[in-house]
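Participant: Chains A and B, in that order, are what the protein sequence lines are.
Residue numbers 1 to 113, in our numbering, belong to the letters of the first sequence in order.
Residue numbers 1 to 213, in our numbering, belong to the letters of the second sequence in order.
Take the hints with a grain of salt, since some may be wrong.
In silico SDA-like cross-links for lysine to any residue, where the CA-CA straight-line distance does not exceed 25 Å [said to hold, decoys possible]:
{"hint": "1", "chain 1": "A", "residue 1": "Lys13", "chain 2": "B", "residue 2": "Gly76"}
{"hint": "2", "chain 1": "A", "residue 1": "Lys13", "chain 2": "B", "residue 2": "Ala39"}
{"hint": "3", "chain 1": "A", "residue 1": "Lys13", "chain 2": "B", "residue 2": "Asp31"}
{"hint": "4", "chain 1": "A", "residue 1": "Lys13", "chain 2": "B", "residue 2": "Ala32"}
{"hint": "5", "chain 1": "A", "residue 1": "Lys13", "chain 2": "B", "residue 2": "Val148"}
{"hint": "6", "chain 1": "B", "residue 1": "Lys135", "chain 2": "B", "residue 2": "Gly109"}
{"hint": "7", "chain 1": "A", "residue 1": "Lys13", "chain 2": "B", "residue 2": "Gly109"}
{"hint": "8", "chain 1": "B", "residue 1": "Lys135", "chain 2": "B", "residue 2": "Leu15"}
{"hint": "9", "chain 1": "B", "residue 1": "Lys135", "chain 2": "B", "residue 2": "Leu123"}
{"hint": "10", "chain 1": "A", "residue 1": "Lys13", "chain 2": "B", "residue 2": "Leu123"}
{"hint": "11", "chain 1": "A", "residue 1": "Lys13", "chain 2": "B", "residue 2": "Trp184"}
{"hint": "12", "chain 1": "A", "residue 1": "Lys13", "chain 2": "B", "residue 2": "Lys135"}
{"hint": "13", "chain 1": "B", "residue 1": "Lys135", "chain 2": "B", "residue 2": "Val192"}
{"hint": "14", "chain 1": "A", "residue 1": "Lys13", "chain 2": "B", "residue 2": "Arg20"}
{"hint": "15", "chain 1": "A", "residue 1": "Lys13", "chain 2": "B", "residue 2": "Val192"}
{"hint": "16", "chain 1": "A", "residue 1": "Lys13", "chain 2": "B", "residue 2": "Ala30"}
{"hint": "17", "chain 1": "A", "residue 1": "Lys13", "chain 2": "A", "residue 2": "Arg25"}
{"hint": "18", "chain 1": "A", "residue 1": "Lys13", "chain 2": "B", "residue 2": "Leu183"}
Here are some, though not all, of the chain A residues that point toward chain B, as calculated from beta-carbon distances under 8 Å [as the list claims (entries may be wrong)]:
{"hint": "19", "residue": "Leu53"}
{"hint": "20", "residue": "His66"}
{"hint": "21", "residue": "Ser70"}
{"hint": "22", "residue": "Arg77"}
{"hint": "23", "residue": "Gly85"}
Rather than coming from a laboratory, the hints here were simulated on the basis of the structure.
By construction, the Cβ of each residue, glycine as well, lies at the ideal position given by its N, Cα and C atoms.
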Amino acid sequence: MYPAERVATNLRKGVLEWCALAVIRDGDVYGRDLARRLTELGLLASEGALYPLLSRLRESGWVDTHWVESASGPPRRYYRLTPAGVDAVARFEETWRAFSASVDEALHPGGPR
Amino acid sequence: MNEPSTTDPRVRAYLDAVRRSLSGADPVHADAIVADLEAHVAEAVDDEASAGRPADVDAILRALGEPDAIAAAARGPEAASTRDAPRPRGFLDTRGGGILTVVVLTIGGAIVPVLGWVAGLILLWNSHCWRVRDKLVATFATPVVLFVSLVAVWLFRVAERSTADCGPGCLDSPLIPAPFDVLWTVVLTAVVVMPVVVAIWLLATLREPAPEA
């Protein structure tokens, strides 16, 4: 039987951090907002699993955080890409396109990309 | 206005469970993750309040996922894909399978003495609905209570014999139960009451394995 869930889980694990960086590149986001967007994209199975990743991204220097006052609640921590993070996402895009093309070629040799 | 969401006992219990799951992680890293999760809950409550809806703390915690899944994510994608390779999920890993396990463990021994209980244990240890700690409690609670009680009865009998040796005119006290009665009480407690206690424990700690991140 085709292990659909396992395949999806492994693929998600491989791209989650890059997709998180890509979403942050589109504009500053706070943790829950980012978790929700990745969940809606089907890239995150549970929102809590994002936070270990964000912690690693902070340590890597690819994201920076700043606090923004909220009108009704506690201040929120917003995430923003550093120049190194912007560069990393751009490099990933190149890697992904090449990888995706290779998979397409393997699935449909000589077919349209 | 925002409720004091992160002081909610359910939130505290969840964060404590995450901290326990992260016990093998770097403490600074673990502190950062727990603080982020706490902030996430506060943001969620704030978002709901801004939308004019009451916050559903249980739903917020459910969306965060199982503490073990967060700990697996903390070990990183490489570790998560090898050490936590997805396992096949069978009926035993569902809530229904968990309840069946509890039923067999509780009344299996009454239907087929000993073997029924052993069958319940086999189901229990093949299920992913409980942590190892919970399984250990469920496995050893009854035998340990039985053993300790029998030792207590034995000590009681030894003490009684020494009382009987107190000499002529030394009578049995009507207030002290006969050893046979005590023995039966102990056995009944271990065989009838303990499985019920264990069943309550297992139902309270039952959890469906979360999908992987």
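Participant: Confirm or reject each hint.
Facilitator: Hints, verified against the model:
no.: 1; hint: A:Lys13 - B:Gly76; verdict: holds, 9 Å
no.: 2; hint: A:Lys13 - B:Ala39; verdict: holds, 24 Å
no.: 3; hint: A:Lys13 - B:Asp31; verdict: holds, 23 Å
no.: 4; hint: A:Lys13 - B:Ala32; verdict: holds, 21 Å
no.: 5; hint: A:Lys13 - B:Val148; verdict: violated, 49 Å
no.: 6; hint: B:Lys135 - B:Gly109; verdict: holds, 17 Å
no.: 7; hint: A:Lys13 - B:Gly109; verdict: violated, 44 Å
no.: 8; hint: B:Lys135 - B:Leu15; verdict: holds, 22 Å
no.: 9; hint: B:Lys135 - B:Leu123; verdict: holds, 11 Å
no.: 10; hint: A:Lys13 - B:Leu123; verdict: violated, 31 Å
no.: 11; hint: A:Lys13 - B:Trp184; verdict: violated, 57 Å
no.: 12; hint: A:Lys13 - B:Lys135; verdict: violated, 30 Å
no.: 13; hint: B:Lys135 - B:Val192; verdict: holds, 19 Å
no.: 14; hint: A:Lys13 - B:Arg20; verdict: holds, 23 Å
no.: 15; hint: A:Lys13 - B:Val192; verdict: violated, 48 Å
no.: 16; hint: A:Lys13 - B:Ala30; verdict: holds, 20 Å
no.: 17; hint: A:Lys13 - A:Arg25; verdict: holds, 19 Å
no.: 18; hint: A:Lys13 - B:Leu183; verdict: violated, 58 Å
no.: 19; hint: Leu53; verdict: holds, 7 Å
no.: 20; hint: His66; verdict: violated, 14 Å
no.: 21; hint: Ser70; verdict: holds, 6 Å
no.: 22; hint: Arg77; verdict: holds, 6 Å
no.: 23; hint: Gly85; verdict: violated, 18 Å
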